[in-house]
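Asker: Protein sequence lines correspond, in order, to chains A and B.
Using the working numbering, the letters of the first sequence correspond one by one to residues 372 to 589.
Using the working numbering, the letters of the second sequence correspond one by one to residues 60 to 363.
Everything labelled a hint here was simulated from the structure, so no lab data went into it.
Residues of chain B placed beyond 12 Å of chain A at every Cβ, according to the derived structure: (1) HIS81; (2) GLU146; (3) ASP197; (4) GLU199; (5) ARG249; (6) GLU295; (7) HIS340.
Here are the simulated BS3-like pairs of lysine-lysine, each with C-alpha atoms no more than 25 Å apart in a straight line: (8) LYS90(B) - LYS389(A); (9) LYS429(A) - LYS445(A); (10) LYS389(A) - LYS406(A); (11) LYS586(A) - LYS506(A); (12) LYS586(A) - LYS389(A); (13) LYS389(A) - LYS97(B).
Covered stretches of chain A, going by a simulated chain B footprint (3 or more residues, C-beta under 8 Å): (14) 384-390; (15) 487-495; (16) 522-533; (17) 573-586.
Just so it is clear, CB atoms sit at the ideal spot from N, CA and C, and this is done for glycine as well.
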Amino acid sequence: MDACIVDYGLGNLFSLQKVFRFLGAKVEVTDDPVKIRSANKLILPGVGAFEDGIHNLKKTGLDIAIKDFVQTGKPLLGICLGMQLLMDESEENGLFQGLGIIPGRVVRLEGPGPEDMPYKIPHVGWNRVFYPQSKEKLLQPWDGTIFGHLKDGSFIYFVHSYQVVPSDQSVILSETVYGRNRFCSALQRGSLYACQFHPEVSGGAGLQIMDNFLKIVK
Amino acid sequence: MSVIRVIPRLDIKGPNLVKGVHLEGLRVLGKAEHFANKYFQQGADEILYIDTVASLYGRDNLLDIVRRSAENIFVPLTAGGGIRSIEDIRSLLRAGADKVAINTGAIQNPHLISESSRMFGAQCIVISICAKHRGKGDYEAWTDNARERSGKNVFDWACQAVDLGAGELLITCIDQEGTSKGYDIDLVRRIADSVSVPVIACGGAGLSQHCLEVIRDGHADALCAASIFHYCELEELQSREQYQEEGNVEFLKKSRDTMGFLKNRLHPINIPDLKVYLQTHGVNCRMLESTEEVKSEHCQKFMQ
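All chains, full assembly: derive it from the sequences and hints.
Answerer: See below:
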């Protein structure tokens with residue numbers, strides 16, 4: 372089995388499975404903590420509310436299994452809500468503790484001010500991923516990461532109202548600009564990756580990202 | 060400025076792609092998956108399938124088409140037609156749809172919006188509103204693929220649907236649909252300016268300029284069009300003499316006549332050319348990467 376997809380009852384996993392089929396990878400959708408601990412690679416997907424997500428993970432003991440998996444240093448990819456759940460806490464509909472794997476918070480995207488061109492929250496649709504400002508001086512900051520072979524400014528599909536703000540800026544792998552927000556659209560710490568966008572519906576660029584993830588070795 | 064989306068709309072009846080005028084008088088154009096695949100490869104930002112007869116004959120055809128075409132499409136796929144229950148939504152998502160578009164089922168039971176939005180996430184609940192002008196800037200929402208009136212005011216219904224949890228609104232103007240006379244800009248703008256969620260404008264695109272207007276003046280977040288893309292693809296099929304396999308031969312043979320009244324108004328264009336047009340007029344679009352930038356063998360295979 373190449374990878375396991377964590378099933379905690381949130382989100383549509385069919386598009387994700389379809390991408391892996393297309394790429395010829397064997398993946399298993401599972402809610403079994405034993406399989407998750409021993410997976411070669413782990414995908415933490417998810418759409419919906421942070422509160423529901425963390426609640427479901429804790430209720431089933433998957434939160435511990437995911438933390439154990441992270442300890443092994445094997446590759447993990449958090450997608451959308453799956454990215455947000457990795458953080459310390461989220462201010463979505465209150466204040467909720469996350470998995471605390473990546474230090475930082477989840478906060479709402481800032482809406483337009485009176486002087487701004489109007490834009491909507493949620494941020495739905497295609498947008499660009501850029502090299503993070505802190506890494507712009509590096510020649511090829513994406514080489515060997517999940518963004519390998521992608522060029523600065525590639526288009527990816529987003530659906531979200533909240534953004535991740537990591538405490539440590541150096542984990543930021545890409546940034547995306549939406550209205551007043553320049554937010555962290557992907558992060559990396561070692562083999563741990565997370566993205567706010569949905570690579571499974573992001574055309575050729577998304578396939579490239581998933582293919583890169585499958586090829587990452589610890 | 061945000062990146063707008065270009066969404067081809069595929070109305071289906073049985074296994075076929077069809078196109079009507081005012082959502083009636085359907086003509087068969089060809090196999091639905093052929094068109095969906097082509098549009099995906101050309102850089103469609105999303106694909107919309109609407110089963111025009113699902114509310115009359117059930118949704119099995121829609122499920123089949125979604126299942127067959129979803130396998131090779133890696134942009135969001137929205138499916139609609141005859142959705143009445145949570146179970147209907149679940150089966151479409153399981154077949155490979157990323158979002159569902161609901162009209163009649165939501166008007167008859169607005170609770171379906173809140174329930175499905177909570178269960179599957181607002182991002183996959185698109186409320187489809189078919190609007191018909193009833194004079195003096197007043198519009199009524201119609202149901203059953205524009206066969207029945209609901210009595211509901213479109214603007215009130217749009218706001219209510221968003222309050223209940225709709226993630227996006229698909230606004231089709233029945234009066235303009237299939238006429239190639241252009242979108243109903245006023246209708247789209249009034250809704251787009253009053254709701255917090257993205258608005259997809261649909262119905263009436265015959266020229267590239269119409270598409271530009273509905274974004275620039277109608278403030279739509281996405282544009283949806285059918286004939287303008289379908290006829291472009293049909294012309295290409297004809298020129299490659301492939302239409303005997305893919306297209307409706309009878310229709311194509313006499314297409315010049317049957318298109319009759321559309322001939323002067325409809326100027327077919329493909330998705331890449333439309334995007335270039337929009338881009339040169341200051342509208343942000345997602346342009347496809349050229350093949351050499353996508354090096355993975357899998358993706359290269361697929362991008363070509």
